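Engineer: Sequence:
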Amino acid sequence: LVNTLISYHSLPRAVKVLEKALSKIPRMDLLPIKIGSLKRKASPKKPAKLQQKQSAKKRKIDSTPRAFGPCITTLRELKTLELNEMEYQKDLTVRGKIIEKTKHNYINNGGKKMIVFHATIADKSDTVQVKVYNREAKEFCKGSNVQITNFRFSNGVMVVTKDSKINKSKNKVTNAIKEVPVLSLSEIKQKPVGTFVNGCFKITKFSLPNKERDKSPLRITVKDYFDEINVIIFKPPKAFSCEIGKYLEMLGVKVNLYKNEIQLLQQCDSYIKVL
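With the working numbering, you'll find the sequence shown wraps up at 275, consecutive numbering, no jumps.
It is worth saying that the hints were derived from the structure and are not from the lab. Be aware that one or more of the hints could be misleading.
Label-pair restraints from in silico Cβ distances [said to hold, decoys possible]: (1) Lys168 to Leu275: 29 to 35 Å; (2) Lys223 to Val193: 29 to 35 Å; (3) Asn256 to Pro12: 27 to 33 Å; (4) Arg135 to Gly110: 29 to 35 Å; (5) Lys223 to Lys168: 40 to 46 Å; (6) Lys16 to Phe226: 38 to 44 Å.
Since this is a predicted model, take the numbers as computed values, not measurements. Heads up, the beta-carbon is just placed ideally off N, CA and C, and yes, glycines get one too.
The whole structure should be built from the sequences, with the hints applied where relevant.
Structural biologist: What follows is the structure in structure tokens.
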């Protein structure tokens, strides 16, 4: 039974399913024990099915089979789970309200034109960044209450694809956080390497890539009131232009460590815009 559960579920989920199943099985050591004569009284013959039903009724056991569906978890609980980043979470469901959404056209590493929606969903416990690929815009609208199953989750970001299930929740998410949390640069630097973050910070300086070397990145230094950080962009869009004093808006950039320096690294699907 254990091997079968693990083959269908991740280990933490398999443990929960097994515990739930075992809790429905009566423990013989807790049943009342009657001490009496060793002679057993002959009981009138009854159909086997009728005896089973009466026996279950006496023990107060629901004899109907129970179906195990996806487990609904809060966004805060989701962040604490140790999940395989490449595995679709078929046995987990999250509910939340979409409080932010930005459409972004980009070209992936294979040269194919793609569309991604950078979004944030919230419940009353927390907020989570979401990247939505290959879905219609109407399926993921700002302000909607949604229920999502069969998604991937890694580095603090939920990834929703064409294989994921998105349903509009019949019940509104009550007391959902209304605003997207704003991280300072000091807080961003404390995040684990590999974490995806968002932000909007003032440009203080930048260095253009060497035209003779295509691999040389664009390096932009941004700051807030207390700290500064470098943003590395390897393939800036052709129409992209920097100007000191303006603000750099970023969605889905990755915290990176290079030569003992914490920096923000642009991904092919990151949204970056000078405001």
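Engineer: Evaluate each hint against the coordinates.
Structural biologist: Status of each hint after checking the structure:
Separation of Lys168 from Leu275 is about 33 Å and conforms to the stated range, judged on CB atoms against 29 to 35 Å. Under the hint 29 to 35 Å, the C-beta atoms of Lys223 and Val193, about 21 Å apart, miss the expected range. Our hint of 27 to 33 Å for Asn256 and Pro12 holds, since their Cβ atoms are close to 29 Å apart. Range check, Arg135 to Gly110: about 20 Å between beta-carbon atoms, so the 29 to 35 Å window is missed.
In this structure, Lys223 and Lys168 meet the distance hint of 40 to 46 Å, their C-beta atoms being roughly 41 Å apart. For the pair Lys16 and Phe226, the beta carbons lie near 43 Å from each other, so the given range of 38 to 44 Å is met.
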